[in-house]
Amino acid sequence: GQNIDQPTEMTATEGAIVQINCTYQTSGFNGLFWYQQHAGEAPTFLSYNVLDGLEEKGRFSSFLSRSKGYSYLLLKELQMKDSASYLCAVRGDSWGKLQFGAGTQVVVTP
Amino acid sequence: DAMVIQNPRYQVTQFGKPVTLSCSQTLNHNVMYWYQQKSSQAPKLLFHYYDKDFNNEADTPDNFQSRRPNTSFCFLDIRSPGLGDAAMYLCATSTFSGGRGSYEQYFGPGTRLTVT
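Each protein sequence line maps, in turn, to chains X and Y. My numbering puts the first sequence at residues 1412 to 1521. My numbering puts the second sequence at residues 711 to 826.
Please note: incorrect hints may appear among the correct ones.
[What the hints assert, rightly or not] Computed Cβ-Cβ distance ranges for the label pairs, DEER-style:
1. Asn-780/Y - Pro-1521/X: 46 to 56 Å
2. Asn-773/Y - Arg-1477/X: 14 to 24 Å
3. Phe-806/Y - Thr-1434/X: 43 to 53 Å
[To be verified] Dumping the calculated DSS-like pairs for lysine-lysine here, alpha-carbon to alpha-carbon at most 25 Å:
4. Lys-1492/X - Lys-762/Y
5. Lys-748/Y - Lys-1492/X
6. Lys-1468/X - Lys-762/Y
7. Lys-1508/X - Lys-727/Y
8. Lys-1492/X - Lys-1479/X
If you are wondering where the hints come from, they were derived from the structure by calculation, not from laboratory data. C-beta atoms are modelled at their ideal positions from N, C-alpha and C, and glycine is treated no differently.
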């Protein structure tokens, strides 16, 4: 079957670093996405990985290992506004179509 | 600013009373998607349009229909809403040309549907 797993919740303090892991088992692979979703709002695109390795974008970095079916999103220098749900999504064997994980709720404390 | 707009943001309907949710985009994207998201769950794809071609997910109930009269607009019709259809409905758009690229999806703010 197809499965995307990520932790339910993580808590970290302002200024710290948090790493959100995502493991996936899908029938195909054409890219992995990370989205940020604040409560009651739409998901917003953060990053895209299709090749193995690290992609860095400011305070956010995303890593992919296709052989391990594994990705992580790294959030550095945490700010209070980073408190949100972070969704891992895989584009599998169908173009464009994404399968989402249930999201990881990150709580940033002062 | 180019964007994805959903109306209304909040919709209350009665059990069994048909309801239509709307989505419009100024991004000129050729693909539009409808997702259902329940509290603390992953967005679940209901269907998508690639230009005018409609693609239904196998597990989308027949109660859910969609229309895309032109590139900019897409509608979600729920023919006979049940209590289990209360959720956030998200519209998203993307481009797709068949070549390499991220083709990330851009989401609207969602419509929160309550069924009484």
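Hints versus structure:
Distance hint for Asn-780/Y and Pro-1521/X: a CB-CB separation of about 49 Å, consistent with the stated range 46 to 56 Å. Checked against the hint of 14 to 24 Å, the C-beta distance between Asn-773/Y and Arg-1477/X comes to roughly 38 Å, which is inconsistent with it. Roughly 27 Å separates the CB atoms of Phe-806/Y and Thr-1434/X, a value that falls outside the hinted 43 to 53 Å. A hinted pair counts as satisfied when its Cα atoms are at most 25 Å apart, and Lys-1492/X with Lys-762/Y does not qualify at roughly 39 Å.
Annotation: proposed proximity of Lys-748/Y to Lys-1492/X holds, straight-line Cα distance about 23 Å (limit 25 Å). Proximity of Lys-1468/X to Lys-762/Y is assessed by CA-CA distance (about 35 Å); at most 25 Å being required, the pair is judged violated. Restraint check for Lys-1508/X and Lys-727/Y: not satisfied, since their Cα atoms lie roughly 30 Å apart, outside the 25 Å limit. Under the criterion of a C-alpha separation no larger than 25 Å, the hint pairing Lys-1492/X with Lys-1479/X is inconsistent with the structure, at around 31 Å.
Comparing the model with each numbered hint stated earlier shows that hints 2, 3, 4, 6, 7 and 8 do not hold.
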